[in-house]
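Asks: The chain contents come next:
There are 2 protein chains.
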Amino acid sequence: MINYDDIFNTAQDAFLHFKKTSGKIKANFLRQIASNIEAEKDKLIPLASDESNLPEGRITGELGRTVGQIKLFAQIVEEGSWLEAVIDHADPERTPAPKPDLRRFLTAIGPVVVFGASNFPLAFSTAGGDTISALAAGCPVIYKGHPAHPKTSLLVGSLISKAVQESGLPSGLFTHIEGGIDVGQELVKHPIAKAIAFTGSFKGGKAIFDLANQRTEPIPVYAEMGSVNPIITLENKLGSDIEGLAKSFASSLTLGAGQFCTNPGLIMVPQVHEKTFSDAVKKEIQEIAAAPMLHEGIAKAYYESLDKLKSKEELEWLHVSATTDLIKAHPALAKIKAIDWLRDDLFQEEVFGSFAIMVVYEGAEELLSIAQKLHGQLTITIWGEDSELEQSAELITILEEKCGRILFKGVPTGVEVGFAMQHGGPFPSTSDSRSTSVGAYAIKRFARPIAFQDMPEKFLPDALKESNPLEIWRTVDGEFKK
Amino acid sequence: MINYDDIFNTAQDAFLHFKKTSGKIKANFLRQIASNIEAEKDKLIPLASDESNLPEGRITGELGRTVGQIKLFAQIVEEGSWLEAVIDHADPERTPAPKPDLRRFLTAIGPVVVFGASNFPLAFSTAGGDTISALAAGCPVIYKGHPAHPKTSLLVGSLISKAVQESGLPSGLFTHIEGGIDVGQELVKHPIAKAIAFTGSFKGGKAIFDLANQRTEPIPVYAEMGSVNPIITLENKLGSDIEGLAKSFASSLTLGAGQFCTNPGLIMVPQVHEKTFSDAVKKEIQEIAAAPMLHEGIAKAYYESLDKLKSKEELEWLHVSATTDLIKAHPALAKIKAIDWLRDDLFQEEVFGSFAIMVVYEGAEELLSIAQKLHGQLTITIWGEDSELEQSAELITILEEKCGRILFKGVPTGVEVGFAMQHGGPFPSTSDSRSTSVGAYAIKRFARPIAFQDMPEKFLPDALKESNPLEIWRTVDGEFKK
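Chains as they are written, first to last, in full-length UniProt numbering: chain A, 1 to 482; chain B, 1 to 482.
Be aware that a few hints might be false.
25 Å max Cα-Cα, derived DSS-like pairs, lysine-lysine [as the list claims (entries may be wrong)]:
id	chain 1	residue 1	chain 2	residue 2
1	A	Lys99	B	Lys237
2	A	Lys247	B	Lys99
3	B	Lys24	A	Lys481
4	A	Lys458	A	Lys482
5	A	Lys444	B	Lys402
6	A	Lys71	B	Lys99
7	B	Lys189	A	Lys206
8	B	Lys465	A	Lys237
Reference listing, derived: stretches of chain A covered by chain B, where coverage requires no fewer than 3 residues with Cβ under 8 Å from a Cβ of chain B [claimed, not checked]:
id	segment
9	347–358
10	411–420
Just so you know, these hints were derived from the structure itself, not from any lab.
From the three backbone atoms N, C-alpha and C, an ideal C-beta is built for every residue, glycine too.
Using the sequences plus the hints, can you model the full thing?
Replies: See the structure below:
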């Protein structure tokens, strides 16, 4: 029996202490997590690889990314300017009423419930971006381990708890919980929970979003629910490098058996190049071996989605395996006319795996109609010559409305962890387009502003003290300064 | 018949143009609105006063505040750093994969539906903080006029539309609509609406919040739903100036007939001073004449709320008028023991008007229990000597969790419009504690981040161009610079 009240009360106690902990101590704590993970990598890598069917090379890279991510947040909280400190000085002489002293900064929002992703057993799971950015903000985390990699999750969880202890912080700062949907629901509903982070399917994310909004006190839900990440190809650019672009597309499509939230599941191709481009893609795909998916349930869902689409007469199958597989994903590619694609939303539903629909369009006007019809996406990519982009101003304006990140080169897979990353787009790709789950700004999800009016200097948090002891960037009487 | 599709399609067309409009043009447009309002003030002030029952002096002040607010947002968009521009430069030499060029900033979220407040016919209505911050962010506004001041709303609406025209901007930028709850619902449900701003009752705000979350595409709702704004008095401080503090409290309580969202409807008083303080408050209240409320419906609701409370035996009525009034609010004050207050949430429900409950507490421990029981508030005020505050660290920590602004001097009414203001607290005081509806940061509610990956320099928005033509503060490769 899980005692939810115990878990959340302990988290809340930890929170009231931790939210006031200095950036320096928080940074050291985060670095301790990173170093605990690195110390166990010889055990972690084979374990995560075994549980996820992802090759050790990929998991090694993911571990590096996880550690890098932790260090980025350590750097951010140590530096401190993320707190958005703002000071408006008093003016006792102002008429008709004196002006008070007002100081504002971001404070941690409270205990956060995190649901990890199956497709990133490290970087978006137990010590992944959501957990680490919540801890960095000053929030305790109640983490529900993903059943697809239970041992990896437990091990990483123990490394976080070890870091909590080594840093002399309260144990309620991190709790690892195992369980099914019912357990997840109890976590979302608990009155002490103050925010939710989730990475996974639309169905799962939307259910959590709805549940959180039905609470007596609704709370923010940051659900990253996937996307088909359209690639739009313009005639001249595609014509100038059909084979190269086909290769880029095919390798992005099949990377990690297509199990990325930024996997390109939709590509718009001008009719004039349709045949040569699809031939080139087919050639690439044929050379890529079917790769095992994360688990049988995901492989089953992949083939079921394909079966559903196979009943659609509008689709012409350019490449599809005759047999399904219990675990491996055979890449697949289907083609559709723009006019047919426009008629049915089913053709832009995500199929998790290495499948894409190629939409053949006839001209700029049809492309505009496609853009207008697109649902919210994490990413949209447009491949065009400069002169073509110049003539596509209206198209680009509409595409910007449909995504969180727009690419003009390369492929959407491979999400940079940095300051400028935006990994979060309009609904249904995420439940909150105002946030990112990757990169420096992910920390902002777990904070809210608070203002202190006429608080005596000695009680003010360091970030707001007159002397600026943290030496952070602040807005003072409307001016940015250090 | 209102043609909602027409209204929203026109707004969307305006949006696609306006979101790319320069800060300079937006600033001039906002200043044009301000100057149109100032030009009509001799007409506006008596009209708003007549429709709201608020004295002309108060409306004159509110007009000044409205204009000041508009000029603040003009200054913010003209300066431009609010866009949070972030640049991570490419590194083509990086291994194993080259690093792309990534640039991120805030872009306008889309057409916004604004519901004005009855208690601020100017500053939180047609050209109030919500409308102006949405326009400043680059969003068209569909404004539903408040039925309590229809002529004022229409006149201000026409002044905004005039400014749109004078600035050569598309007319869909601002639409004024009149109607009841059904009209409001249609506006919230329209698929083109991308955010809602609301100021009013909990019931109204929560209904809008729920409706917006039930849409196929849920959208952000910024509902400011009121608060009881507790004042906590500590023994020594209160004892040192009983009459002065009673005067401050009574005047804040009765200001504008108590019709402020920051009106203090709850005050915690230590038992030792209970008698002298309540006598002093009574004396003050008796000298304050009953003032007309905004309209009869509000006066009726005020007296009905009092009647409901009168059935509660735990309350002792210190001051209450024998007769009710069709329009005027007679101030009222009731007293309750902390132990009784703790047992029933009814005693912290907002009564809109000049009524407060005085909670008599016995010591620090009881005060802590009260703090823990408090719902989310816009503001909490604590009056204590430095030495008392020093001993109240735990109390203050808990109070911070319950509000958006905490005051150590003065009264919660009188909300500064500046950079450091936070007017938005935990639920149920607002639907989104991460936002403020007053002050510079209100603009952030109507924007979302977007990242441009490898966008050719010439297509980049000015805010993200390498040469920084706007001369704004940006984060470049992790460093703040201009």
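Asks: Hints broken by the structure, by number, lowest first?
Replies: Of the numbered hints, just 9 does not hold.
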